[in-house]
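Sequence lines, in order, name chains A and B. So the first sequence is numbered by my numbering: it starts at 453 and just counts up by one. So the second sequence is numbered by my numbering: it starts at 14 and just counts up by one.
Among the clues, some could well be false.
Computed spacing ranges between beta-carbons, pair by pair [stated by the list, open to error]:
#: 1; chain 1: B; residue 1: Thr125; chain 2: A; residue 2: Leu589; range: 24 to 30 Å
#: 2; chain 1: B; residue 1: Thr118; chain 2: A; residue 2: Leu589; range: 47 to 53 Å
#: 3; chain 1: A; residue 1: Ala488; chain 2: B; residue 2: Lys82; range: 35 to 41 Å
Computed cross-link-like contacts, DSSO-like style, restricted to lysine-lysine with a CA-CA straight-line distance of at most 27 Å [to be verified]:
#: 4; chain 1: A; residue 1: Lys547; chain 2: B; residue 2: Lys82
#: 5; chain 1: A; residue 1: Lys655; chain 2: A; residue 2: Lys608
#: 6; chain 1: A; residue 1: Lys608; chain 2: A; residue 2: Lys547
#: 7; chain 1: B; residue 1: Lys113; chain 2: A; residue 2: Lys547
Calculated directly from the structure, the hints in this document are not laboratory data. In this text, a Cβ means the ideal position worked out from N, Cα and C, and glycines have one as well.
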Amino acid sequence: MKTFRNASFLFAFASLAGCAPALPPQDLVTARASYARASHGAAATLDPAELHSAAESLQNAEGSFTDEGDTQRTRDLSYVADRRAQIAEAAGETKRAANQQGQTLTNMHAAETAHADDSSSRLGRANLQLAVQDQSLRSQNQQLDTERDRRQDAEKRAAQAAADLASIATVKQDATRGMVITLSGGVLFASNRADLLPSAQAKLNEVAAALSKNDSDSKIVVEGHTDSQGGAEYNQDLSQRRAQTVRDYLVSRKIAADRVTATGFGLTRPIADNASPEGRANNRRVEIVVQPASP
Amino acid sequence: MQVQLIPMVATSWLVLGCGATYPAPTQPLADTESAERSATELGAANQPKAQLHLQLAHEQLLRAKAAMKSGDNESATALLLRARSDAELAIALTREEAAKAGAQTATDQSNTQQLKNATQGGQ
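Looking at chain B on its own, in the form it has when it is part of the complex (with noise of 0.2 Å):
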């Protein structure tokens, strides 16, 4: 993910420094969206920290769109970088809350059983 978007990054800047006509990010766009999508299935919304992120994502990539109709492809291209970039942000987060949810659950169970045990133990 990380490896595709860097050469992204630096190959439409040098586009930009060569004063070429800057083409418009349909694929950047493409892979904005999909990542917001994989946030949002992943239950981002609903996680307080990573609900900020997508929040951003959304906001940018709906400018980023806005930006593409009105013809400003440089700005468009910002804009999903910086999109891309928070959708993903919002998966890694809610993927750490639900890991740390998992090593609560499992933390929890393993006192219940320890406690379990020990009454059974006494018996």
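One chain only, chain A, in its complex shape (with noise of 0.2 Å):
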């Protein structure tokens, strides 16, 4: 480069002192021009090698146009210095290119990485939800099959407690009431009395045994109920006390007071007809009502 700019000078300088050489070839203004386009691009600073071999052709050019004017030789030169220069400047772009390309794959894989990353923790966010979600779930149906066990044990010991009750009383299915058993009353009470004769204290244990495996939440209602003989208010009275000793005697039995209520209806809900003896044996009755707790 240094050499280049002295063959410039003595160029410069042998033109001033009045022995100038011909008017440069062509080919040679060409190679300058084209060094000098080179020498301001890319190559200067990514490829100086190649720069310094375009500049040392052009110095060879410049060299034979000072020794020999305007001949083939430095017009060949000169036609190789042009190519070096282009070559330089090729050179240099080509680098400028594959710098950037570089950075370009380099920023893409970093936004790459970058999205994968707030992907992932996008997802482990989601999963994480879905993981509480699950629980959730999990619990809600330990729940419902909790209490599908517990109504499937309470209809199977309901149905126990039916079968068992069958054999000692009558035993119905009311659609509104619920289960109805229904005791004859001259099997619990003696005529005109409330107090349980001794043999009806078996039938209410056995009565009692099988509510106790009924379900702990239906409420039990003792219904007292007569005949038409006698007096309404004493039949009235008569069936309330007959109920309430019942409902007494259950309770002893290890029913839970608060399930059991005692009602006396007296003659007003006649099953039979009272013209008979067979009706009004009937009639007289003690009924419980096991009404299923509400769901």
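Fit the two chains together into the complex; they arrive one by one in their own frames, and the hints show the way.
Put into structure tokens, the structure is as follows:
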């Protein structure tokens, strides 16, 4: 490069001194322009070695022109110098493009990594949310299973209780009232009395045992009924006392007191004709109504 | 490449200047043919800028061979010098175009990726 500048300086000095050589050939002029363009381009920083080669080529051409003037040799060397300058320029642009491509790929990789990290983070949060929802769902299912098992167990025990009761009393399933256990009044009480016969206690023991198998949330209503013999008021009182006696006995047999109530209906709800002895016997009764717990 | 080329040229002219018989430029011929082949294999014929210099190299190579055949080794040497520089310029221009195409492809991919990521991020 330094040599090239010296040659240019000598050329200028020689021109001023009056012994100027002939005008430079067009090839040399072109080579100078090509080198000037290359030296201001990417090659200066990205491929200085190639630019240095171009400078040497131009220096050879300039030297030939200084020594020999516009000869074929000068033109050939100038032609080569022009190509060398263009090669240097192209090499600089090639490296610039390669650097740009490398930088773009690096940035793209970094962006892709960042995006993947973000996606992974979002996936993690989504999975965590799903796990929480899954746990909640499992808990709900467990509660549902427990509730179903409890109901199945209650139904099973109720069925067993009904079967047990069927052997000692009349048991009917009433759509509105629930399970109705009917015990004959003659079996439980002596005429016009409200205290239990000794034989009645054995039956009520079985009833209590069956009821204890029933759903502990169900309500029990003991209803007392009479025939139409005697006054209504008397029968009302008698039926109330009999219902209360049965209720108290069931409570004494471990049926929860708050589950059981007693109500006397007197002669108001006959189930048979009071004109016949059989009808009146059927009307004298105690009904134990088991109302299922509200769902 | 350049380091070899310059002494060769200087030596050739030195020999001529001393009035010696000009030797047949067999090595420069082989080097030039090799450079032309490389340019062709790189695809210089498909690049407009490189194609011109490949064509110049080819024409000057043919003229150099003809000169050698007629015994004008001096002209052949000069023509081979020009032909080789054109072939090497064709190579450089082809590489430049390939590098620029690669950079453009990377830029396009990057833009596509950014668009894709932005779309996914908005979901």
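Here is what the structure says about each hint:
1. For Thr125(B) paired with Leu589(A), a C-beta distance near 41 Å fails the hint of 24 to 30 Å.
2. As the Cβ distance of Thr118(B) to Leu589(A) is approximately 50 Å, the hint placing it in 47 to 53 Å holds.
3. The hinted window of 35 to 41 Å between Ala488(A) and Lys82(B) holds, with their beta carbons roughly 39 Å apart.
4. Restraint check for Lys547(A) and Lys82(B): not satisfied, since their Cα atoms lie roughly 41 Å apart, outside the 27 Å limit.
5. Our distance criterion of 27 Å between C-alpha atoms is met by Lys655(A) and Lys608(A), whose separation comes to about 22 Å.
6. Between Lys608(A) and Lys547(A) the CA atoms are separated by roughly 88 Å; this puts the pair beyond 27 Å, and the hint is violated.
7. Restraint check: the Cα-Cα separation between Lys113(B) and Lys547(A) comes to about 9 Å, which is no more than 27 Å; the hinted pair holds.
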